[in-house]
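Using the hints, position chain B against chain A.
Each chain, written out:
There are 2 protein chains.
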Amino acid sequence: MFLRIDHVGIACHDLEAKIAFFESTFGMTVVSREVNEEQGVREAMLHVADGPNGSSYIQLLEPLSPDSPVGKFLAKRGEGVHHVAFGVPDVAEAMGELGGKGIRLLDERPRHGSMGSSIAFLHPKDVGGMLTELVQAPPPRT
Amino acid sequence: MFLRIDHVGIACHDLEAKIAFFESTFGMTVVSREVNEEQGVREAMLHVADGPNGSSYIQLLEPLSPDSPVGKFLAKRGEGVHHVAFGVPDVAEAMGELGGKGIRLLDERPRHGSMGSSIAFLHPKDVGGMLTELVQAPPPRT
Numbered sequence: 001m002f003l004r005i006d007h008v009g010i011a012c013h014d015l016e017a018k019i020a021f022f023e024s025t026f027g028m029t030v031v032s033r034e035v036n037e038e039q040g041v042r043e044a045m046l047h048v049a050d051g052p053n054g055s056s057y058i059q060l061l062e063p064l065s066p067d068s069p070v071g072k073f074l075a076k077r078g079e080g081v082h083h084v085a086f087g088v089p090d091v092a093e094a095m096g097e098l099g100g101k102g103i104r105l106l107d108e109r110p111r112h113g114s115m116g117s118s119i120a121f122l123h124p125k126d127v128g129g130m131l132t133e134l135v136q137a138p139p140p141r142t
Numbered sequence: 001m002f003l004r005i006d007h008v009g010i011a012c013h014d015l016e017a018k019i020a021f022f023e024s025t026f027g028m029t030v031v032s033r034e035v036n037e038e039q040g041v042r043e044a045m046l047h048v049a050d051g052p053n054g055s056s057y058i059q060l061l062e063p064l065s066p067d068s069p070v071g072k073f074l075a076k077r078g079e080g081v082h083h084v085a086f087g088v089p090d091v092a093e094a095m096g097e098l099g100g101k102g103i104r105l106l107d108e109r110p111r112h113g114s115m116g117s118s119i120a121f122l123h124p125k126d127v128g129g130m131l132t133e134l135v136q137a138p139p140p141r142t
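Sequences listed follow chains A and B, in order. The numbers in full-length UniProt numbering rise by one with no breaks, and the one at position 125 of the first sequence is 125. The numbers in full-length UniProt numbering rise by one with no breaks, and the one at position 26 of the second sequence is 26.
Just so you know, the hints here were simulated from the structure itself, not pulled from any lab data. Idealized CB from N, CA, C, for every residue including glycine. Warning: the hint list may mix true and false statements.
Stated by the list, open to error - Here are the in silico distance ranges between beta carbons for each label pair: (1) B:77 / A:67: 21 to 27 Å; (2) A:50 / B:90: 37 to 43 Å; (3) A:109 / B:139: 22 to 28 Å; (4) B:50 / A:64: 36 to 42 Å; (5) A:107 / B:38: 37 to 43 Å; (6) A:106 / B:77: 16 to 22 Å; (7) A:109 / B:20: 25 to 31 Å.
Excised from the complex, chain A in its bound form:
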C-alpha cells in the first residue's frame, strides 16, 4: 500500500526560524512554502531524497492560531514530530481499504495537501499512537 515515507511533519512556533535552522544545519533546501487555511497552518517542505516512487521531505508546520490542531498540539506537547505521511497510489482507494479494516479516518474524503497532493488522515489511536497521513502525489504536469 505504501510507496514511500512522503514526509515527517514537525510542529514549530516560528516557521522561518526553523527553516533557517534546517537549511544551515543539515544543508536542506525549501521546495515549497504554503498557507493552508483549512488546516490552519503555514508550512514549508524541505527536500530530503528522490526515489522511484516519489520524493521524501521534512514538513515544517507553524499554526495560524492557538486553537488550530497544530496550535493545540504545540500547547500540549511542545515542538516535535506531529505526523508521518506515506505515499499511496490512490488516496480514495486507500481510505476505502483501511476504513474497511476498521481504521478510523479523520477525513470523509480526500482534501488538499502540500504541493497539489490529495491527502487524508488516519486516527492516531488506530495506528500505534502515530498521526498518519496518506498522500497521493498530483498528476505530473503536461
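The following block gives chain B in isolation, referenced to the frame of chain A:
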C-alpha cells in the same frame, strides 16, 4: 547531508502484536528482528521503499525494561513516534560536522544500529523537539 529518511521509530508495548497489525493493515513486511541490549529494546524493521540512496523502514520498538529509554518514553508519552532517522554517507563525519555547529550529540562515538548499521543520536532539543538519529548503512556484503 541526508541521503534518505531511513526510518521512523515507533515505541510500542507489544512488538509482535504491532508487527501483526502493520502487516495485516498496510501489507508491510518485516525484514529484520533484533534485540539491542545496549539500547534496551526488542525491535523490528518493516520495509516501506527502496531508493537510489538506500531503503526506508518503519522501526517498531518494545522496551526490554520499564527503566530503559523507550520504557520511560512509553510511561510518559504512550505509544507513538519515538525518533526519526536519516541516512548519511559517514556517521562519524556527520557527527563531527554537526557537533561543530553546536548540535549536542547523545553519543560520543558511533554505535551499533539495526541491520549492521552505525548510528548516533542528536539531542531532540537541538533539532526542533525531534529525537534524531543518523544512520550509516553497513558496507555491502561481498
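Of all the hints given earlier, name the ones this structure violates by number, lowest first. Result: hints 2, 3 break, sorted rising.
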